[in-house]
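A.B. asks: As given, the protein sequences belong to chains A and B, one line each in that order.
Count along the first sequence from 1, then add 101; that gives the number in this note's numbering.
Count along the second sequence from 1, then add 101; that gives the number in this note's numbering.
Since the hints were made in silico from the structure, they are not lab data.
Mixed in with the good hints, there may be bad ones.
[Unchecked claim] Computed, partial: chain B to chain A, Cβ under 10 Å: (1) Gln-124; (2) Asp-127; (3) Thr-248; (4) Gln-253; (5) Ala-335.
The beta-carbon is built from N, C-alpha and C at its ideal position, and this holds for glycine as well.
Protein chains: 2
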Amino acid sequence: MLDTTHPHLAALVADLERALIAQDADAVAALFATDSYWRDLAAFTWNLNTCEGAAQIRAMAAAQLPQIAPKALTLDPAETVTEADGVAEGWLVLETAAGRGVGHIRMKDGRIWTLLTTLHELKGHEEPRKLRRPMGAEHGHDPNRKTWKEKQEEEARRLGYEDQPYVLVIGGGQGGIALGARLRQLGVPTIIVDKHERPGDQWRKRYKSLCLHDPVWYDHLPYIPFPDNWPVFAPKDKVGDWLEMYTKVMELNYWSSTTAKSAQYDEAKGEWTVIVDRNGEEVTLHPKQLVLATGMSGKANVPVIPGQDVFQGEQQHSSQHPGPDAYKGKKVVVIGANNSAHDICAALWEQGADVTMVQRSSTHIVKSDSLMEVCLGGLYSEQAVANGITHDKADMIFASVPYKIMAGFHVPQYDEIRRRDAGFYAALEKAGFLLDFGDDDSGLFMKYLRRGSGYYIDVGACDLVIDGSIKLQSGKGISHLSETAVVLDDGTELPADLVVYATGYGSMNGWAADLISPEVADKVGKCWGLGSDTTKDPGPWEGEQRNMWKPTMQPGLWFHGGNLHQSRHYSRYLALQLKARQAGIETQVWGLHPPHHLS
Amino acid sequence: MLDTTHPHLAALVADLERALIAQDADAVAALFATDSYWRDLAAFTWNLNTCEGAAQIRAMAAAQLPQIAPKALTLDPAETVTEADGVAEGWLVLETAAGRGVGHIRMKDGRIWTLLTTLHELKGHEEPRKLRRPMGAEHGHDPNRKTWKEKQEEEARRLGYEDQPYVLVIGGGQGGIALGARLRQLGVPTIIVDKHERPGDQWRKRYKSLCLHDPVWYDHLPYIPFPDNWPVFAPKDKVGDWLEMYTKVMELNYWSSTTAKSAQYDEAKGEWTVIVDRNGEEVTLHPKQLVLATGMSGKANVPVIPGQDVFQGEQQHSSQHPGPDAYKGKKVVVIGANNSAHDICAALWEQGADVTMVQRSSTHIVKSDSLMEVCLGGLYSEQAVANGITHDKADMIFASVPYKIMAGFHVPQYDEIRRRDAGFYAALEKAGFLLDFGDDDSGLFMKYLRRGSGYYIDVGACDLVIDGSIKLQSGKGISHLSETAVVLDDGTELPADLVVYATGYGSMNGWAADLISPEVADKVGKCWGLGSDTTKDPGPWEGEQRNMWKPTMQPGLWFHGGNLHQSRHYSRYLALQLKARQAGIETQVWGLHPPHHLS
Chain A
102 MLDTTHPHLA ALVADLERAL IAQDADAVAA LFATDSYWRD LAAFTWNLNT CEGAAQIRAM
162 AAAQLPQIAP KALTLDPAET VTEADGVAEG WLVLETAAGR GVGHIRMKDG RIWTLLTTLH
222 ELKGHEEPRK LRRPMGAEHG HDPNRKTWKE KQEEEARRLG YEDQPYVLVI GGGQGGIALG
282 ARLRQLGVPT IIVDKHERPG DQWRKRYKSL CLHDPVWYDH LPYIPFPDNW PVFAPKDKVG
342 DWLEMYTKVM ELNYWSSTTA KSAQYDEAKG EWTVIVDRNG EEVTLHPKQL VLATGMSGKA
402 NVPVIPGQDV FQGEQQHSSQ HPGPDAYKGK KVVVIGANNS AHDICAALWE QGADVTMVQR
462 SSTHIVKSDS LMEVCLGGLY SEQAVANGIT HDKADMIFAS VPYKIMAGFH VPQYDEIRRR
522 DAGFYAALEK AGFLLDFGDD DSGLFMKYLR RGSGYYIDVG ACDLVIDGSI KLQSGKGISH
582 LSETAVVLDD GTELPADLVV YATGYGSMNG WAADLISPEV ADKVGKCWGL GSDTTKDPGP
642 WEGEQRNMWK PTMQPGLWFH GGNLHQSRHY SRYLALQLKA RQAGIETQVW GLHPPHHLS
Chain B
102 MLDTTHPHLA ALVADLERAL IAQDADAVAA LFATDSYWRD LAAFTWNLNT CEGAAQIRAM
162 AAAQLPQIAP KALTLDPAET VTEADGVAEG WLVLETAAGR GVGHIRMKDG RIWTLLTTLH
222 ELKGHEEPRK LRRPMGAEHG HDPNRKTWKE KQEEEARRLG YEDQPYVLVI GGGQGGIALG
282 ARLRQLGVPT IIVDKHERPG DQWRKRYKSL CLHDPVWYDH LPYIPFPDNW PVFAPKDKVG
342 DWLEMYTKVM ELNYWSSTTA KSAQYDEAKG EWTVIVDRNG EEVTLHPKQL VLATGMSGKA
402 NVPVIPGQDV FQGEQQHSSQ HPGPDAYKGK KVVVIGANNS AHDICAALWE QGADVTMVQR
462 SSTHIVKSDS LMEVCLGGLY SEQAVANGIT HDKADMIFAS VPYKIMAGFH VPQYDEIRRR
522 DAGFYAALEK AGFLLDFGDD DSGLFMKYLR RGSGYYIDVG ACDLVIDGSI KLQSGKGISH
582 LSETAVVLDD GTELPADLVV YATGYGSMNG WAADLISPEV ADKVGKCWGL GSDTTKDPGP
642 WEGEQRNMWK PTMQPGLWFH GGNLHQSRHY SRYLALQLKA RQAGIETQVW GLHPPHHLS
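Okay, chain A solo, but in the shape it has when bound:
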């Protein structure tokens, strides 16, 4: 049923608006169902926060409404209200004292089941887009006129030396670049530092066969979407070239070949002292805000195995693996059975290496086609675009489902995938491969959100496992390395010229330990994960990803990362949180959690 003037939902939204404007926390909470969720992205909490149930909602509203001072919250007249299975859904536009945003509401039995509120712009600091875009040519005449190029060169020359950046972003992959682009639009002086020679090298320098595992519709950066001839799964070098051009076109202050050596925070001044090595020159920077955008796949996790010092062959973490060209005819053992392990094994096999994959614990496998058709297609596909679901809109629809109930939305999709690909899964198990669909059968994306690992999106390597081209050792631990082999705990010896540790990455607060201090890393605690109490995502429940894109226990320290979708979407809220601080806007944070895990 389509209904643009849904009277019940309209009345509920009107009640909510009235209660918000009146700053009446009790009245607000009374509109929510017993099981209900208010997810807020920086509009009401100056945090990424989900309140669950009326009590949490009441507490948050009581604390925040006086400062936030809502001005309006109405159904978006440009959107349609829909109703299905007793749930009415609508899009919202909202205004607070500080900003404007959009939202989404689901109504069940006359009360609010889910509410999403998001901040999209700060009043007086709107982005210079469309009607606000710059003129470029400065009409008139001015003897002191500087050209665009002269101004750009002057800024690049001064920033970091005569002028200090307000924000320093460490890490110039898609995360740092997307955030930097938003901060540039918001007029926040920013430097991005990255250790590589060129923007995009983060992708170029990974293993040769790497292509994006997510499809193009999911991967756009802010401001400049990929053109409609862009490959579905872009090869890594093409992604690298795009990031490099994006950095230039979006006019980012991007310091290549630059390594951050140390960072210290002066609480009294509210300022960092960061020492960087810029192409051999030591530069001391004093940003107010420090963003670690080194990536959730930034810090290699290499297991400690007896005999690593004895082994005579080569050992590499997957992030160091150059690709297969040098290993034709060699014996390679790949430890791990997730995305990188599969990609690396397949590429090595294609080059004629003798490859064994060691699977220590079960893995979630989903065929790329099935993932696209069953899970992503409604939101991120050519068909979705044809249906008017832009990636921005898809991001909002996706964000509108609170994490607490998201798994329940996903389980039926993966049930369907299991049915559809039953023969495939049976063949994998027959080959000895250990399969899972997540602790609660909720599949890939929940695994990603909870632990960022434990899966492979199959683009062909599984057939090689099934037919034995890639040899498999599964369900075994590793005893030690000998001079010439990997020895498993059942005594199996795997002769090896090369061992690849496709063993994933540590928590991003490890970067803070190295750069700032172990004490600050511990003060902040683990990054990523929801606290779902499933494998590798210990509780307590947090309801949002820990420490990502939001204030941490360390003032002035932020973490940014994730896949291209997250880099695009959440960079918006991180950029607005940073801009609000630069602009001196009151940003009272609700729901800042002390750490529960150190890494």
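Please build the complex by placing chain B on the supplied structure of chain A, with the hints as guidance.
C.D. replies: Here is chain B on its own, set in the frame of chain A:
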């Protein structure tokens, strides 16, 4: 009045479709009014051609329909029929034996007043966009797999050496780049050669203060539109950077630092032999098609004036002028009073030079704001975009007006501008400036189409002329140069350290004379102009721009150029004409004209 089911127009379109499918030239012609126009862009004529009146239409239809074999021509169901002042307008979709396209129709008194037909794709050679986009990752496994990067590098290494390009484009500005991007999408092996070091240098190396005179909505390239934070009038260096990134991202085979030395056509083989100097290396290329995209502003037109050999100061064509920095406190005489002359004078004045502009004949001046609001705004503006008029749609609307009657559409707009800016024009005339609005008062764009010169879009320099900051000498010829001065024909001496010849550019067939031979240049004749018999656009009437984006009298030789709008829009038809030839599709050309003017 809006009416999606306009029965009269629908009936007329149905009659037209029936007559076309029946290949009945008489029946087709009978549907057209006495004063009527069928503008075709490569769909029916394999040419850019406008038939005027029933007789021409009948002749074209009789000649072309048997080969074109129309399959369908219907009102586009996604579009709305509109009617105003007795003219009903509708959008068409069409199909021929070879391709698919879109069109536009205007009906007056029950018959066709204007018809536009355009080719948008060739059957079996559709562009790999949207649902046809490449996968990127090649799923499955293949021991001989090459990565995207390896394939790209191999192509770049072989093309021009082991493999020959089908098309060679000489000139890598926006024209060559836009065409190259389309040819890449169509799978036509193409090399673009350009003398500059980097793509975009065509803009970077022009005078320092240059910004686009056309607004951003008018300037998009194909495939990757400018982001919505792009400046209204982009500074030249920013345009240069965009072109450079576009060249990379669109994967063009772009040979920088390459000069074409000579070209000869072998009629028997249907192939060119082109010798180029690639960064010091002589390379011989054998393309089937040669496109001169050196720009309508490519070949400098420097007047011959007695005393040029005697003058002790510096002399430059405007295309060589580096900007004002070296001329602070110097005396500069700028010959000319069009766009470049004004921009250069203003920038010199801003740097403290003593500047005199010599206006030899009258100039059309229009304030940038007025041009945008009165003329362009309906099609190319933020408001137009908000109204659903994308630049692609605007291009089609613009193309739907036959050149013969276009001036009549423009005269009222410029009448309005004259009223609105009356004070401004009076002040200019009081300062001695000679004004015109074109021979028939049809203003800027008709001047551009007819002669490509004769105007200035005012972004501030006029105020400097009005208040005398830029000194003006108008209505005088130049007698000669002395050792130290420009001497006018009334004896006025203008002491000068620098003389800038802002005297425009010659016809593009001059490039063919240099590169191929004077005979071929003469065989082809003048490029640009409509044959309107107005100043600098001698007749006879041609109805399209001479020799641009369409077959010429020299087989295998094409000219491409124009502003960003034209480079974007007409590169589509030029690319499809080239692709059709590469694919061996029958391309019987209608309306190829022998030259009437040699330059």
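A.B. asks: Taking the hints in turn, state whether each one holds.
C.D. replies: Going down the list of hints, with the structure as the test:
1. A least Cβ separation of about 35 Å between B/Gln-124 and chain A goes past the 10 Å threshold, and the interface hint is therefore violated.
2. Residue-level restraint check for B/Asp-127 is violated (minimum Cβ-Cβ distance to chain A is 42 Å; threshold 10 Å).
3. About 6 Å separates the beta-carbon of B/Thr-248 from the nearest beta-carbon of chain A, less than 10 Å, and the hint is met.
4. Against a cut-off of 10 Å between C-beta atoms, the interface hint on B/Gln-253 holds, since the closest Cβ of chain A lies about 8 Å away.
5. Because the beta carbon of B/Ala-335 sits about 5 Å from the nearest beta carbon in chain A, less than 10 Å, this interface hint is met.
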